[in-house]
Amino acid sequence: MSIDLDAWEIVVGLEVHTELLTRTKLFSSAINEFGGEPNTHIDPLTLGLPGSLPVLNEQAVELAIRVGLALNCEVQRSVFARKNYFYPDLPKDYQISQFDLPICAEGSLELPNGKVVGIERAHLEEDTGKSTHVGGGGRIHDAQHSLVDYNRAGVPLLEIVGKPDLRSAEDARAYVAELRSILVAVGASDGKLEEGSMRVDCNVSVRRRGDAELGTRCEIKNVNSLRSLGRAIEYEAARQVDLIESGERVRQQTRHWNEDDGRTHTLRTKEEADDYRYFTEPDLVEIDPGPEWIERVRAVLPMLPAARRHRLSTETGVPLERVALVVERGLDELCLAAIAEGADPERTVTHAEHNLSDAKAADLDPAKFAALVQLETGGELTATQAKTVLAEMVETGGAPADIAAAKGFEAMESGELEGIVDGLIAAHPEEWQRYCEGDGKITGFFVGGVMKATGGKADGKAVTALLQARKG
Amino acid sequence: MSFADALSIAASVRAGDRTATEVLEEHLGRIAERETEIHAFNLVTEQDARATAAAVDAAVAAGNDPGPLAGVPVAIKDNLCTRGVPTTCSSKILEGWRPPYDATVVQRLAAAGAVAVGKTNLDEFAMGSSTENSAFGPTRNPHDTSRVPGGSSGGSAAAVAAGFAPISLGSDTGGSIRQPAALCGVVGVKPTYGLVSRLGLVAFGSSLDQVGPFAHTVADAALVCEVVGGHDAGDSTSIPGDFPAVTEHLSDGVSGLRVGIVTEMMGEGIAPDVAARVRAAAAALAAAGATVEEVSVPAVTFGLSAYYLVAPAEASSNLSRYDGVRFGNRIEAATTGEMMTATRTAGFGDEVKRRIMLGTFVLSAGYFDAFYGTAQKVRTLMRQDFDAAYEQFDVLISPTSPTTAFAIGDKTADPMTMYLNDICTIPTNLAGHAAMSVPFGTGDDGLPVGVQVLAPALGEIPMFRAAAVLEAAALAEGGAK
Chain A
1 MSIDLDAWEI
11 VVGLEVHTEL
21 LTRTKLFSSA
31 INEFGGEPNT
41 HIDPLTLGLP
51 GSLPVLNEQA
61 VELAIRVGLA
71 LNCEVQRSVF
81 ARKNYFYPDL
91 PKDYQISQFD
101 LPICAEGSLE
111 LPNGKVVGIE
121 RAHLEEDTGK
131 STHVGGGGRI
141 HDAQHSLVDY
151 NRAGVPLLEI
161 VGKPDLRSAE
171 DARAYVAELR
181 SILVAVGASD
191 GKLEEGSMRV
201 DCNVSVRRRG
211 DAELGTRCEI
221 KNVNSLRSLG
231 RAIEYEAARQ
241 VDLIESGERV
251 RQQTRHWNED
261 DGRTHTLRTK
271 EEADDYRYFT
281 EPDLVEIDPG
291 PEWIERVRAV
301 LPMLPAARRH
311 RLSTETGVPL
321 ERVALVVERG
331 LDELCLAAIA
341 EGADPERTVT
351 HAEHNLSDAK
361 AADLDPAKFA
371 ALVQLETGGE
381 LTATQAKTVL
391 AEMVETGGAP
401 ADIAAAKGFE
411 AMESGELEGI
421 VDGLIAAHPE
431 EWQRYCEGDG
441 KITGFFVGGV
451 MKATGGKADG
461 KAVTALLQAR
471 KG
Chain B
1001 MSFADALSIA
1011 ASVRAGDRTA
1021 TEVLEEHLGR
1031 IAERETEIHA
1041 FNLVTEQDAR
1051 ATAAAVDAAV
1061 AAGNDPGPLA
1071 GVPVAIKDNL
1081 CTRGVPTTCS
1091 SKILEGWRPP
1101 YDATVVQRLA
1111 AAGAVAVGKT
1121 NLDEFAMGSS
1131 TENSAFGPTR
1141 NPHDTSRVPG
1151 GSSGGSAAAV
1161 AAGFAPISLG
1171 SDTGGSIRQP
1181 AALCGVVGVK
1191 PTYGLVSRLG
1201 LVAFGSSLDQ
1211 VGPFAHTVAD
1221 AALVCEVVGG
1231 HDAGDSTSIP
1241 GDFPAVTEHL
1251 SDGVSGLRVG
1261 IVTEMMGEGI
1271 APDVAARVRA
1281 AAAALAAAGA
1291 TVEEVSVPAV
1301 TFGLSAYYLV
1311 APAEASSNLS
1321 RYDGVRFGNR
1331 IEAATTGEMM
1341 TATRTAGFGD
1351 EVKRRIMLGT
1361 FVLSAGYFDA
1371 FYGTAQKVRT
1381 LMRQDFDAAY
1391 EQFDVLISPT
1401 SPTTAFAIGD
1411 KTADPMTMYL
1421 NDICTIPTNL
1431 AGHAAMSVPF
1441 GTGDDGLPVG
1451 VQVLAPALGE
1461 IPMFRAAAVL
1471 EAAALAEGGA
1481 K
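Heads up: the protein sequence lines correspond to chains A and B, in order.
The first sequence begins at 1 in this note's numbering and counts up by one.
The second sequence begins at 1001 in this note's numbering and counts up by one.
Because the hints were derived from the structure by calculation, they are not lab data.
Quick caveat, the model's predicted, so the values are computed rather than measured.
Ideal placement from N, C-alpha and C gives every residue a C-beta, glycine not left out.
Hints may be right or wrong, so weigh each one.
Unchecked claim - Facing chain B, from chain A, some residues (calculated, C-beta under 8 Å):
#  : residue
1  : Phe-34
2  : Gly-51
3  : Pro-54
4  : Asn-84
5  : Phe-86
6  : Lys-92
7  : Asp-242
8  : Leu-243
9  : Leu-284
10 : Leu-304
Unchecked claim - Where chain B lies over chain A, by a calculated footprint (3+ residues, C-beta under 8 Å):
#  : segment
11 : 42 to 49
12 : 271 to 283
Take the sequences, apply the hints, and build the full model.
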């Protein structure tokens, strides 16, 4: 299935739940830690035992404020509410959440491509336990029995509700990736989608281009990776367009993404939705952080990815979209330091973009990195040699000149290179003919041949230039 | 009936004049004599009590002070968690459940040297005014065993009245301490919301529930308040600081105190003999130097309606956790949903089911604003009207209960007549204020009448001052008879 994007517009809004990296749970002193033997990270409140009472974890509030500020939200007076429904993995048979008054409201997030996505709200709530259904294919309906692990119950969650401002699967992926970078940067989350410490529900609708009103949306659950997020949105949008084009209408539903068959399946329709009977949680008092606390948090907030991208782009002249990966890898400080040591900005960012995917790259000495870039721009190392030397620098921390010397890398005499190129042309007249007729694909044949003959010492660009010159 | 008070017991135990063990055995003896008839307890913890008393005696022998309640037997309402000791809320759904922790108030009593003797009967989950809603059978009034002791803390009130323990703990959501105190002729206190920790109190209506004492004397009640009250970081609604220093002010008298008689609590529905006792109490306060006038607090007439929206709404949510999954009774069934339904159907009594259904309805989409929302507005109005009254008066007085103890079975057929029992006590819970019931003579039937002293939030000191004067006046009156 694919959609005619000239006729249709996809509209996506994402709700992201992130577990907060607190030491203990949201309302009790039980430990907040992933995994563990089932039912070991528990206490009376986690099990909802009679007489237990919630006490709000201040660290969770602090992290929520950090995220709120990072998302340009208004951090406001907020209250907790009870969301009532019966389920075995919900120990009290109600979830303590925020409803009318969330801790963060009305913010925004800037994607690496410069688009700005609205944030409606971010609110604190407690996580549920995990049910395992034994027998009957793992679905609750035909299971022989169910087991519940309450280790996760009560873990603090921040639910970040984005506005329906996204217009493609690609933007949705970029949004989640960016949000993840922000959450990790402020220390709120470890950002692990696969372990479920970040969970994404996406609301998808479609409308004909030019329509002002939004179409009926479906909520997609069980999206566990950036890849499935993109696939799920594309599948769901196509399904909705097909429905409309065949004269049917989209019904408001909650749908389940199945990774195996690559489809979404109905979980429940709007009519079957629960009545959660929200009311103010009487066991807790309102949270009113006040300007002093908020400003204290703001003061220690690290520089965020968007600001770092702008800084690196402005200081290097490299376009925004190219510096995104460098910032995501956390190499922007290294680049800026190397540039300050005299390295060429463009070459520095290019190396960070293409040749520094290793996690150890962040430990590079900026002065040595700068020296390497200078060897290359000074013509003493070819691009290929520089890449090889850089890889070894990351591995050993050695100085670029020493590594180059040990590898026998030195600049080739231009006469030597000409001789090799001419020899290659003479030995392969047919290929040369194709090159002269403009077959671009054959260029690699000659460049590769020269590299082989010189043991990688030749500068690829110089070879290409020579070939052009010989062609006349 | 006259029994030793807690203060004199503690004084003699601390001085080494009596042992805690002797005191305990005396009380266990009275329990053995009358408990079958009264049924104040769901469980008497004789063995644990003997061990505790022995530890108190050992401390005294070693020259250590066991605390202000040294060797004082205490009965605990069975909706307060006691570590390793069954806590049932008088419900079949919790039968056999042993909490892994003590309620904060239970811990504090123990730390003060008190000796817990058992868990007292109550209306199931504290829902009722007669203790007839217990799954384990009703408690009887020690003054007349054909009558109810009141409720929901009927077992705790009866335990003190029968001399099973000089003090006990109850909980008060709409009058559940004060009304049984009145009907059993003992002192009962509902402190300001937030002054006594709710941690370990099994929740009924969380925004209304408050723990408080029963005692023979105002002074004992004041001491227990100071022992169990004060800030607890484990209860987010707990007020910072200590319980007001009520014991220091018990003999301050009421000279110059401004006392209001609540007009709306003296008219229709109040038995004439009970109203007469309240007038007599007003006269006693005036004679002791207080200025006494009538005052109107109009919003209290909406109290009952608002209460029966707020309390069931919170209860419907608080009682959801009794689903058979993690603790208590479970009735097995084919699916999880059917198991939950079967467990709750078998485990809850009629009154609990009635309130869960009412509360669920009240919170439902489409009805929320009309019911729960309106009830919350009434609470605000209630506070405003009380605030206005407390600008002119330090404390207010009223009957605690409209009548003296009624006969067992009298009001079980019609829930509404039962609910009307709490008409004078409910407004205090809705406002989050303090109030207590003090015995003040008897009605035409010779059964105890309680006078309620109401005070604003944190107004415990003037409240206890007035209560102490009423206690002395009642004693003088009784002596004169």
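Worksheet item: Which earlier hints can't be squared with this structure?
Response: 1, 7, 8, 10
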